[in-house]
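Enquirer: These protein sequences, in sequence, are chains A and B. The first sequence begins at 171 in this note's numbering and counts up one residue at a time. The second sequence begins at 3 in this note's numbering and counts up one residue at a time.
Derived from the structure by calculation, the hints contain no laboratory data. The reader is advised that the hints may include incorrect statements.
Below, simulated SDA-like cross-link-like pairs (lysine to any residue); rule was C-alpha separation at most 20 Å, straight line [unchecked claim]:
#1 B/Lys266 <-> A/Pro475
#2 B/Lys266 <-> A/Pro617
#3 B/Lys264 <-> A/Pro478
#4 B/Lys264 <-> A/Pro475
#5 B/Lys42 <-> A/Pro851
#6 B/Lys266 <-> A/Pro851
#7 B/Lys264 <-> A/Pro474
#8 B/Lys266 <-> A/Gly476
#9 B/Lys51 <-> A/Pro851
Cβ pair distances, simulated, as ranges [as the list claims (entries may be wrong)]:
#10 B/Lys264 <-> A/Asn623: 24 to 30 Å
#11 A/Phe424 <-> B/Arg319: 42 to 48 Å
#12 B/Thr321 <-> A/Phe424: 34 to 40 Å
#13 B/Gly56 <-> A/Leu836: 41 to 47 Å
#14 A/Gly476 <-> B/Glu256: 44 to 50 Å
#15 B/Gly448 <-> A/Glu250: 42 to 48 Å
Pulled from the structure, derived: some chain B residues nowhere near chain A, Cβ distances all over 12 Å [to be verified]:
#16 Gly37
#17 Asp55
#18 Ile232
C-beta atoms are modelled at their ideal positions from N, C-alpha and C, and glycine is treated no differently.
What follows is each chain in one-letter form.
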Amino acid sequence: MGRKRNQRKSSRRGAPLRSHHSSQHSLLPPITMPPFKDEHILLIAPGSQMTLAQLGLPETFTPARFRFPTRMFPAEKKGEYEPYRVHERRQEVKASNGTDAPKPDVEMKDAEPAEGTPAAGTTVKTDENTQDNDESTKTIEEVFYEEDLASDEGAIYPIENGRIVDWPCFFALLTHIYNTLSPPFHTPIMLVGQPVWSARDREAITQFVFEKFKAPAFSLMDSALAACYGYGTATATIVDVGKGKVDVTAVTDFAVNEHGRGIALEGCGGDAMTDRLHELLGPKGFTREMCEQLKRSNITEILPPGTPLPGSSATARQGANPAAAASTGGSDGDESAPRGPGEGTQTGIEGSNGDEDEGVLDVAAIVSGNPTEYLANVEKEKTTTKKGAADPKGARLPNSKKEKASFQFEEFVQLEGEKAAAHGSRQYVRHARDIEVSVERFLLTSPRSKVGNRLTSGILEDIATQIHHTILAVPDATKRSELWDSLIIVGCGSKVKGFTQALLAVITQKFILSPSATIFTSEIPSNFTTPLPTGANTPAPMSQSGPMYHPAAPGVNPLLVAATHNNPGMPGVMPGTPSMDPSMLSHYRSTGHSQTPTSVKTLKLPEYFPDFKDQGNSNAPGASSGSAGGNPGASGTSQGGHGMEEAVFLGAQMASKVFFVIDQGLSKSYLSRVEYNESGPSAIHEYIL
Amino acid sequence: MNPSNPPQAAEYGGDEVSAIVLDPGYSTTRTGFAGEDAPKSLIPTYYGKYNADGQEKLVFGDDVFVTPRPGLSIYNPIGKDGIVEDWDMAERVWEHSFISRLTGTKAGNPFQNGLNDVSSDELPTEMEVESEEKPLSDSPLLMTEPGWNPAKAREKTIEIAMEKWDTPAFYLARSGVLAAFASGKASALVIDIGASNISVTPIHDGMILKRGVQHSPLGGDYISSQINAIFKANSPQPITITPHYLISSKTAVEAGQPPQVKYKTFPADKAPDASYRALLEERTLSEFKECVVQVWPGPTKLSAPSPTGVSNEDMARTTPGRPFEFPDGYNQIFGVDRFRAVESLFDAKAAIPDPDSPFPPPTPAQTIPELVKASLAGVDVDLRPHLLANVVVTGGSSLLYGFTDRLNHELMQMFPGPRVRVTAPGNTSERRFGSWIGGSILASLGTFHQMWISKKEYEEHGPNIVEKRCK
Numbered sequence: 171m172g173r174k175r176n177q178r179k180s181s182r183r184g185a186p187l188r189s190h191h192s193s194q195h196s197l198l199p200p201i202t203m204p205p206f207k208d209e210h211i212l213l214i215a216p217g218s219q220m221t222l223a224q225l226g227l228p229e230t231f232t233p234a235r236f237r238f239p240t241r242m243f244p245a246e247k248k249g250e251y252e253p254y255r256v257h258e259r260r261q262e263v264k265a266s267n268g269t270d271a272p273k274p275d276v277e278m279k280d281a282e283p284a285e286g287t288p289a290a291g292t293t294v295k296t297d298e299n300t301q302d303n304d305e306s307t308k309t310i311e312e313v314f315y316e317e318d319l320a321s322d323e324g325a326i327y328p329i330e331n332g333r334i335v336d337w338p339c340f341f342a343l344l345t346h347i348y349n350t351l352s353p354p355f356h357t358p359i360m361l362v363g364q365p366v367w368s369a370r371d372r373e374a375i376t377q378f379v380f381e382k383f384k385a386p387a388f389s390l391m392d393s394a395l396a397a398c399y400g401y402g403t404a405t406a407t408i409v410d411v412g413k414g415k416v417d418v419t420a421v422t423d424f425a426v427n428e429h430g431r432g433i434a435l436e437g438c439g440g441d442a443m444t445d446r447l448h449e450l451l452g453p454k455g456f457t458r459e460m461c462e463q464l465k466r467s468n469i470t471e472i473l474p475p476g477t478p479l480p481g482s483s484a485t486a487r488q489g490a491n492p493a494a495a496a497s498t499g500g501s502d503g504d505e506s507a508p509r510g511p512g513e514g515t516q517t518g519i520e521g522s523n524g525d526e527d528e529g530v531l532d533v534a535a536i537v538s539g540n541p542t543e544y545l546a547n548v549e550k551e552k553t554t555t556k557k558g559a560a561d562p563k564g565a566r567l568p569n570s571k572k573e574k575a576s577f578q579f580e581e582f583v584q585l586e587g588e589k590a591a592a593h594g595s596r597q598y599v600r601h602a603r604d605i606e607v608s609v610e611r612f613l614l615t616s617p618r619s620k621v622g623n624r625l626t627s628g629i630l631e632d633i634a635t636q637i638h639h640t641i642l643a644v645p646d647a648t649k650r651s652e653l654w655d656s657l658i659i660v661g662c663g664s665k666v667k668g669f670t671q672a673l674l675a676v677i678t679q680k681f682i683l684s685p686s687a688t689i690f691t692s693e694i695p696s697n698f699t700t701p702l703p704t705g706a707n708t709p710a711p712m713s714q715s716g717p718m719y720h721p722a723a724p725g726v727n728p729l730l731v732a733a734t735h736n737n738p739g740m741p742g743v744m745p746g747t748p749s750m751d752p753s754m755l756s757h758y759r760s761t762g763h764s765q766t767p768t769s770v771k772t773l774k775l776p777e778y779f780p781d782f783k784d785q786g787n788s789n790a791p792g793a794s795s796g797s798a799g800g801n802p803g804a805s806g807t808s809q810g811g812h813g814m815e816e817a818v819f820l821g822a823q824m825a826s827k828v829f830f831v832i833d834q835g836l837s838k839s840y841l842s843r844v845e846y847n848e849s850g851p852s853a854i855h856e857y858i859l
Numbered sequence: 003m004n005p006s007n008p009p010q011a012a013e014y015g016g017d018e019v020s021a022i023v024l025d026p027g028y029s030t031t032r033t034g035f036a037g038e039d040a041p042k043s044l045i046p047t048y049y050g051k052y053n054a055d056g057q058e059k060l061v062f063g064d065d066v067f068v069t070p071r072p073g074l075s076i077y078n079p080i081g082k083d084g085i086v087e088d089w090d091m092a093e094r095v096w097e098h099s100f101i102s103r104l105t106g107t108k109a110g111n112p113f114q115n116g117l118n119d120v121s122s123d124e125l126p127t128e129m130e131v132e133s134e135e136k137p138l139s140d141s142p143l144l145m146t147e148p149g150w151n152p153a154k155a156r157e158k159t160i161e162i163a164m165e166k167w168d169t170p171a172f173y174l175a176r177s178g179v180l181a182a183f184a185s186g187k188a189s190a191l192v193i194d195i196g197a198s199n200i201s202v203t204p205i206h207d208g209m210i211l212k213r214g215v216q217h218s219p220l221g222g223d224y225i226s227s228q229i230n231a232i233f234k235a236n237s238p239q240p241i242t243i244t245p246h247y248l249i250s251s252k253t254a255v256e257a258g259q260p261p262q263v264k265y266k267t268f269p270a271d272k273a274p275d276a277s278y279r280a281l282l283e284e285r286t287l288s289e290f291k292e293c294v295v296q297v298w299p300g301p302t303k304l305s306a307p308s309p310t311g312v313s314n315e316d317m318a319r320t321t322p323g324r325p326f327e328f329p330d331g332y333n334q335i336f337g338v339d340r341f342r343a344v345e346s347l348f349d350a351k352a353a354i355p356d357p358d359s360p361f362p363p364p365t366p367a368q369t370i371p372e373l374v375k376a377s378l379a380g381v382d383v384d385l386r387p388h389l390l391a392n393v394v395v396t397g398g399s400s401l402l403y404g405f406t407d408r409l410n411h412e413l414m415q416m417f418p419g420p421r422v423r424v425t426a427p428g429n430t431s432e433r434r435f436g437s438w439i440g441g442s443i444l445a446s447l448g449t450f451h452q453m454w455i456s457k458k459e460y461e462e463h464g465p466n467i468v469e470k471r472c473k
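All chains, full assembly: derive it from the sequences and hints.
Expert: What follows is the structure in structure tokens.
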């Protein structure tokens, strides 16, 4: 069965068919390796929900070309896995007919996108039953194996909160990705590692990569460091907001500070926000799926602490079951060809393969030509116009001032009736409707009322506390101030509107020191030791100025602020207090240091990767949610200030360019096969970045 | 690499053995692979206990600093003197320290992890799952211990390592010896300023001189208690530390003004108890130690008059103070007080009296100069000059600003004859992890191979073998 699928795949791809490279090592030159090429680098970034992958580095770096849901389905044979749910379908074929009914394959292509409803499995059975009923004696029963791209029933998620919980499944996923991308022999592999992986985990992965893929070189890069590469900075605090967890890492001079690192902080990721929404809205008839889409919609926003909620009462539309709310776009979808099953889950398989062969990658074209994307845009426009018509007054108010707003909820509804039966397979209709939500949409980071094992004070405060803890644990105290001033916030969980601003506001009100506590040990001495990024190792100069948030609490003398913070905007203002006598300074403050933070800022993202900037939120549909139907309507959500939650992948591309192509291993940044053969998997620890 | 060839002996003992070095301290537990320059895993030795859903739950690691748990209380399995008191929990904490970052979970059944081609009929129908997977079955383990560790505790340690963790080889080394190794010395006088203890350990040719080992409780926790005493007597108002977890937001205030803060409240049955608060207060205090506290540089005591006739204390008053802001936003400048907090480490009379302190007032014999004197008195006269020329300073609390200068002055005054030379690594992590680094060096030496106590030897001789082999 597996063979059947593979054949179909490779033929569809049109690429030269390659067997699994079991005899590949004999083809490799024994010692000297030819230099690696840009187009032969395989990048894989596993996450708890989505695994990003790409073969080859494009001219200008782009978001990951392939997105695989991080899940596999158990195959029939124990210990083997399939990328899609496969179920048996028995069909009666007329013996005389002769045609072997290649139907399932065709149908699959026509089937609606991958976001499935949990009910999918049961409906198949009804199909079978109806088939069985009109069975005639002349038919032979044949068993078809059908890949159900829409279902996630029975899926195994090998990564939970960053931890690899099911190794065989994880390895099967890696193999699936490898086979799908089908890299040539001489392909170095760059894997972005989760911070939570232990040393032994990394060894196991190293062993797998070398022994299964026969890779000539392998690099295992820490995701936090990759984010630093993406931003082109040597020192930063990386906050990675994932699905179920948050990682907080302080990186100083391209070195990850392991001590005090916030690893897989639970209950702080995107799921926690959905859970909170569900807790608030559940009694009003919202399903978790609705909350998930609400979270992704552009009406959901995290307001900085202290912002009054619009409207006086925190009540949503009472009584009305949101499911009964105005239903709109039920008619679209269905057979309209573009949304084939492949696109929903693995964006652009077909599109990119032709390009690979040419060696020239016009990713922008692929992406813009991506039907899902296109549809999403159309959808978005429709939504906005519709909303404007319905609520002309409210539309002019900013979202945060509106008491109520509605978002478009989409779900896939099984197509019933004769049409479906005729196809013998399931058909889905995308069903969209507007649901109105009240101020609950601003409360997704508030602490949950049902206290679990943690006395959490809301996820933002937990993250802020972790940042404080992590930075305080950095042994080099002179770096701490810089770490506070260079926060990098990545991860899809941070895509909720207002996340960054609200986080900064929480830090400000909880941890920022008042100017009077720092006036006598102003940042002047430490600024000498921490030069501004010059951009020496980045293609374009970085500007770190323009704080998003003024650190000073309200009501403080602005001159004091200027004096203590040495604001780049006011370079002339120097503290003039008598105690700032330079000789005293040098004598008493040479090694002592002052408390932090006096300010907190996020790093500005590099300007020179327009694709990443524009694409900031393009991964909303399907991509960040394998199972829970993505909401294309939300894909246009604009993010104030940041849009590069996948900076990790950008960084991985930059790093692979440097490691594999530019310095060719001079900087000991990857483990070569020769060395692996000598020292075994544990050699990876000398190369882990 | 022909898999049928047995590994050669020379290869086996070398760096290829990924030994784990475990350096358990009172405040933190350091663990990492031998051969690396810093421990990969650094966790607090403190652990938390709380009740959830009617079950008692334990929490290890840094996480507890970030999110408190309902009704959480904090414990430490190690006693104030640095000797393990609660063996069961010590084992759990240590185990967490290597499982969380180093060994992790197993990569699955070898039949199914995709690395081996096994045809389906070869697959055993039922996997013979080991009844209990032991965490260290393929890593030799080197552990450290304080110089005054009793024999019983040493035997218990090897018992845990061999029987609970199933380590193939084990060694127990004195932390003082390892700290000397980390500084590249085989003979040294190691002054270790830890959290619960300060100790002086004379070492000759890599062997500990047991009669010279001295220790006293004037460590980092004692300094914290002195700082608390200062806060209590502070003018214009006594200072209480409110840890971050009790604060929801603060407003900037001028120096010396009462804090304007919004407190967070927990329901009475959910609130973490006093031990948790103390643990988090300690974090603020360690920030205070880093930013404010300073050791009077000497050469004479803080209370003594300086050569110019002005008292040292008046001299200290003229230096500019250092500001500090507390989690609730209260901030003030600390002047001469910041010197007084540590003065009693050198001068018992300078201790700030505080009847509520858990530490009794220090006796003169507990101060560092007296400990050094007593330690040297316990070793051979001929060795003393050599030891004084190789004084090694280690331990996190020795990072107090000005500490080594003062120590140098004190030793030179006490021993004017022989040359005194104090070695203290400037790098923060080398100072904090001195004994771990020494262990990392030792365990990665090829020649150390013969020193390991193997599982077989343990099974043959019982836990008492540690007394014979690890001297």
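Enquirer: Flag every earlier hint the structure violates by its number, smallest first.
Expert: Violated hints: 6, 9, 13, 14, 16 and 17; rest satisfied.
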